[in-house]
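These protein sequences, in sequence, are chains A and R. Quick note: the first sequence uses the numbering used here, first residue 1, plus one each step. Quick note: the second sequence uses the numbering used here, first residue 1001, plus one each step.
Take the hints with a grain of salt, since some may be wrong.
Claimed, not checked - Label pairs and their computed distance ranges (CB to CB):
{"id": "1", "chain 1": "R", "residue 1": "ARG1118", "chain 2": "A", "residue 2": "GLY31", "range": "49 to 55 angstroms"}
{"id": "2", "chain 1": "A", "residue 1": "ASP33", "chain 2": "R", "residue 2": "SER1341", "range": "42 to 48 angstroms"}
{"id": "3", "chain 1": "R", "residue 1": "GLY1052", "chain 2": "A", "residue 2": "GLU309", "range": "37 to 43 angstroms"}
Stated by the list, open to error - In silico DSS-like links for lysine-lysine, alpha-carbon gap of 30 angstroms or less:
{"id": "4", "chain 1": "R", "residue 1": "LYS1269", "chain 2": "A", "residue 2": "LYS381"}
{"id": "5", "chain 1": "A", "residue 1": "LYS48", "chain 2": "R", "residue 2": "LYS1238"}
{"id": "6", "chain 1": "A", "residue 1": "LYS188", "chain 2": "R", "residue 2": "LYS1238"}
In short, the hints are calculated from the structure, not lab data. Fair warning: this is a prediction, and the values are worked out from it, not measured in the lab. All residues carry an ideal CB built from backbone N, CA and C; glycine is no exception.
Each chain is listed here by its residues.
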Amino acid sequence: MTSPFTFKPLEIPEELTPLRLRVRDFLKDIGKDWSGWKVGHSWTGFDKEFSRAVGAEGWIGMTWPKQYGGGERSHLERFVVVEEMLAVGAPLGAHWFGDRQSGPLLLRLGTEQQRQRFLPEIVRGNATFCIGLSEPNAGSDLAAIKSRAKKVHGGWRLSGTKIWTTNAQHSDLMIGLFRTGTGDEKLKHQGLSQFLIDMKSSGIDVRPIRDLTGEAHFNEIFFDDVFVPADMLVGVEGDGWSQATSELAFERSQPDRFMSCFPVLPPLIDDIRQQGNIDRLSARKIGATLADLVILREMSLSVLGQLAEGHAPAQEAALVKDLGNSHEQQIPNLVRELADCQATIERGNRLSELQGFLTQNVPSYSLRGGTREILRGIIAKGLGLR
Amino acid sequence: MSNTMNDETSIGTLMAEQVERLLSREVTRERLIAVEQGTFDTPLWQALEEMGITLALAPESAAGAGLSWQDAEPTLRAAGSWAAPVPLGESLLATWALGSVGLEIPEGPIAVAEGVFRLDHNQHISGTDALVPWIQHCQHLVVVAEQSGQRFVCLLNRDEVSLETVETFARIPSSRVVASGATPVAIAAADNIIGELGLLPALATLRTVQIAGVLDRLLALCVEYGNTREQFGRPIGKFQAIQHLIADMAAQTAAAQVAGLYACRQIDKGNGEYGAAIAKARGGLAATRGAEAAHQIFGAMGFTDEHILHYYSRRLWQWRDEAGSEHWWAERLGRRVLAQSGDELWRGISG
Ligand SMILES: Cc1cc2nc3c(=O)[nH]c(=O)nc-3n(C[C@H](O)[C@H](O)[C@H](O)COP(=O)(O)OP(=O)(O)OC[C@H]3O[C@@H](n4cnc5c(N)ncnc54)[C@H](O)[C@@H]3O)c2cc1C
Chain A
1 MTSPFTFKPL EIPEELTPLR LRVRDFLKDI GKDWSGWKVG HSWTGFDKEF SRAVGAEGWI
61 GMTWPKQYGG GERSHLERFV VVEEMLAVGA PLGAHWFGDR QSGPLLLRLG TEQQRQRFLP
121 EIVRGNATFC IGLSEPNAGS DLAAIKSRAK KVHGGWRLSG TKIWTTNAQH SDLMIGLFRT
181 GTGDEKLKHQ GLSQFLIDMK SSGIDVRPIR DLTGEAHFNE IFFDDVFVPA DMLVGVEGDG
241 WSQATSELAF ERSQPDRFMS CFPVLPPLID DIRQQGNIDR LSARKIGATL ADLVILREMS
301 LSVLGQLAEG HAPAQEAALV KDLGNSHEQQ IPNLVRELAD CQATIERGNR LSELQGFLTQ
361 NVPSYSLRGG TREILRGIIA KGLGLR
Chain R
1001 MSNTMNDETS IGTLMAEQVE RLLSREVTRE RLIAVEQGTF DTPLWQALEE MGITLALAPE
1061 SAAGAGLSWQ DAEPTLRAAG SWAAPVPLGE SLLATWALGS VGLEIPEGPI AVAEGVFRLD
1121 HNQHISGTDA LVPWIQHCQH LVVVAEQSGQ RFVCLLNRDE VSLETVETFA RIPSSRVVAS
1181 GATPVAIAAA DNIIGELGLL PALATLRTVQ IAGVLDRLLA LCVEYGNTRE QFGRPIGKFQ
1241 AIQHLIADMA AQTAAAQVAG LYACRQIDKG NGEYGAAIAK ARGGLAATRG AEAAHQIFGA
1301 MGFTDEHILH YYSRRLWQWR DEAGSEHWWA ERLGRRVLAQ SGDELWRGIS G
């Protein structure tokens, strides 16, 4: 009876320290005026200028082949860059979805022409991608999507509605999942296909949805007979379900799933220090948070190592996201417990701004990218519960 | 799941598989009870000795296998997962400590004291340890003693110390140990592997790995029970509430496993105290959550003496408190973090 999980360790070698320090210097300079409110947005914060600067440093598409503008660097190098960015809550949103998800998808399944056209643009921080999966009546039950793509001469015509699409209002392209086969209820995982959609196509209407923070990060998108050329189909017609779900081990195990609140910890620590005597509860809570974080990071690195070796540790990745989301969601509670939080959001006070934004934003962490309940269902099934 | 990942058949994994086979055959409820009642499981200990397992962490110069802690981790975890009723982990730790300072390793099982004792100028040792498991069955005890800021690994004969039986959750024979001017069998200055906390970090590492092992086992038992126990005309594992309890157990199990291995790797790198602090702070929490979930899943049956569950859950309650609870270690970590400005936090994590 051995463990059902594999978490072979992966260490970051010392040779990567210069890279880490370079990223740190870069961020110190470019981020010197970022407010607490802004860094609270972390990897969903949209800042195209920043993304272009990151691209110019060669830190987008780092692992991709040089022929597409990539850096042919290791996954560990990318990990170092990413975690340094997340540690300061850098606004990665304008390139993150392309770098984390859409680019790797095109590398794996895209046509040569698609790769040559889009990957170099992602790498430069020019092409912003959004992910069009959810629909008004298809959230957790993603295979219930109704938006359709109809085959026409020279391509496809898309119609239907996507919703909750993060940063769609700023995006150049969407990877969208549409129904191309029959609408047979029993075969709902079949007949789905992924398309590369130019967000400037006529017939696309993007309507930002204001969220509870008072800002608009996600959108509702109406497709009214939108033409997509045949060469913008991604992968194989009808294989959209397995294509979309096979990305999940990448999407679910990275540090963005447990570091979204990290930037509030340094000002919290400074606040506790200013209170004078370090009490026992504060020390214990801070220590426990650190331990949790270090272990999550080890788990994430381990999954990364397995992915780099060509394995698909879907269970391990789901565990990282579930534990990671719980970790980051608890952090605003920790701040309330250990610092004297006011019932006001004080602009200009870093701790207060971060706490103000994060308190309102953390409910989304265990929804986006698969809800906690869905993840736990996947984990339980994977363990052999029948 | 990805068991295919275990493609490296290192000595460490081979050894663990051997131990696993032995323990799955030998460790029955009857033998667990016998040990709780004070009988030493001599056949099991001898079988482990014959397989060469008890010297896994001892250097080759001492006829050991010279494994690293990382290599030994699967074996220690397997011992935890079968609640092996012998001081295997303690003895491995003791032989590692003796071996790392070049001391000769005595025969038989060896107990370990976690507290740091005092060494006076006549080379006599004094000190107290509130809880030393297995000492009744071990002729020898390894302690770390301090003299003017320098630490020594000492081998003591049990007859040199006084014992007072203590009660524990695990019901493994254990004693409070008092040494008053005990004469050691052997003594050697400890190199920098042994820090100010003596053997506590290594013991906390061992307990975390054992916790991970117990959780592995509990998880398997819960999955099996979920698939077989029926209520309302279907297996309880069909209920989403049960599935989610088991999924959380899985997450805690995975975290404990990673924590234990992390601590082992840190000992190998000479950073044992930090590794143990991180690992025990996380592993103790996993023990708490795992025991809670397992007891909920097993219902009243799991609350009986007759059922095997409590041999595991009592060990979880034991080991989360031994060698520093998760809260004790978290406080130490926290004080370290809070001694520096907030900006240092990330530097400490990222190295
Ligand atoms: C901030 C944010 C950004 C997002 N960005 C994107 C994006 O860029 N692209 C995109 O496509 N989508 C995006 N989403 C949508 C996200 O993927 C969905 O919110 C998610 O899949 C859940 O769907 P739902 O919100 O419709 O909730 P529902 O599926 O309706 O779920 C409601 C509740 O019921 C529970 N539930 C549902 N089914 C089950 C079940 N079988 N068992 C137990 N419980 C169940 C859920 O866990 C949840 O608690 C985003 C969401 C948020 C909050």
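For which of the previously enumerated hints does the structure constitute a violation, in increasing order of number?
Of the numbered hints given earlier, those the structure breaks are 2, 3, 4 and 5, listed in rising order.
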